[in-house]
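If you count the sequence shown from 1, you need to add 2 to reach the numbering used here.
Treat each hint with caution, since some may be false.
Said to hold, decoys possible - Pair ranges (Cβ atoms, derived): (1) G87 <-> S52: 24 to 32 Å; (2) P211 <-> T43: 15 to 23 Å; (3) S53 <-> E158: 39 to 47 Å; (4) I148 <-> R74: 17 to 25 Å; (5) H209 <-> D58: 45 to 53 Å; (6) T152 <-> A127: 23 to 31 Å; (7) G87 <-> P191: 17 to 25 Å; (8) D47 <-> T177: 38 to 46 Å.
To be verified - With a cut-off of at most 16 Å between alpha-carbon atoms, the simulated EDC-like pairs for lysine to aspartate or glutamate come out as follows: (9) K33 <-> D229; (10) K16 <-> D105; (11) K33 <-> D8; (12) K212 <-> E130; (13) K212 <-> E133; (14) K16 <-> D37; (15) K33 <-> D227; (16) K33 <-> D105; (17) K212 <-> E135; (18) K33 <-> E20; (19) K212 <-> E180; (20) K16 <-> E77.
Source of the hints: derived by calculation from the structure; they are not laboratory data. A quick note: this is a predicted structure, and the numbers were derived from the prediction, not measured. Don't be surprised by glycine CBs; every beta carbon is placed ideally from N, CA and C.
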Amino acid sequence: MTTQQDPRRNLAEKIAGEITLSDDPGATLRKWRTDFDASQTELADQLDISSSVISDYESGRRASPGISVINRIVEALLAIDERRGGDRIRQYARVLSAGFESDIVLDLREYSTSIPLGRFYDAIAATEIVEGEQESITGHTVIDSISAITRLSSEEFFRLYGQSTNRSLVFTGVTRGESPLVALRVVNPTPNAVVLHGLDPDDLWEHAPKLAAIDGYSLAVSNADVDGMLDSIRDLP
């Protein structure tokens, strides 16, 4: 697992490396810019260049930027985030401190106060399938289901709970829900809620409701846009 103690530097190296090694550097640059919720104009202003330059890089109309330009772009994105309070850098630091790579855990957050589970479901446009024993949560973890199931041990899987099991685990990239729910059976205690993201209620594995009922957690499904979902729950307390 990653052990670096400087999340800003680690994040800068990760972004620069992804753009440099990408088969489509412009698309990768656009992915990171939108992840930082920065417009082309805002990024261009930070770099003191024309926004058309950013547009040309992202569209492929301009040759892929060299490493020095990429480093400047990355530093500009981080500076924009820091000016806004450093939310994206802190998010990455939380994932690192829990001992995970950011391609496994997309977001890990503890709230300042507990919130009704229904409020969380509203934020991610989720439909509850099974009512759980708890009606509130104090945090959430958003997980890439394939990466988590194929790469994490049961001990590492438990660390997805962060500081408390009173949270919602959101598994993205789910087709039926069988794998993450079976994986949860070996981890005790269970979270307050599990959200299977990427499917409609009719696509849910037929045994999923029974497993949720046995273990007492709320089970919900959502098919909301991933980026929009992450933005919505980052605004929770």
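Against the structure, the hints:
no.	hint	in the structure
1	G87 <-> S52: 24 to 32 Å	28 Å, holds
2	P211 <-> T43: 15 to 23 Å	48 Å, violated
3	S53 <-> E158: 39 to 47 Å	42 Å, holds
4	I148 <-> R74: 17 to 25 Å	34 Å, violated
5	H209 <-> D58: 45 to 53 Å	51 Å, holds
6	T152 <-> A127: 23 to 31 Å	27 Å, holds
7	G87 <-> P191: 17 to 25 Å	34 Å, violated
8	D47 <-> T177: 38 to 46 Å	42 Å, holds
9	K33 <-> D229	10 Å, holds
10	K16 <-> D105	11 Å, holds
11	K33 <-> D8	23 Å, violated
12	K212 <-> E130	14 Å, holds
13	K212 <-> E133	11 Å, holds
14	K16 <-> D37	14 Å, holds
15	K33 <-> D227	14 Å, holds
16	K33 <-> D105	14 Å, holds
17	K212 <-> E135	14 Å, holds
18	K33 <-> E20	10 Å, holds
19	K212 <-> E180	12 Å, holds
20	K16 <-> E77	12 Å, holds
Hints 2, 4, 7 and 11 from the list above are not met by this structure, while the remaining hints are.
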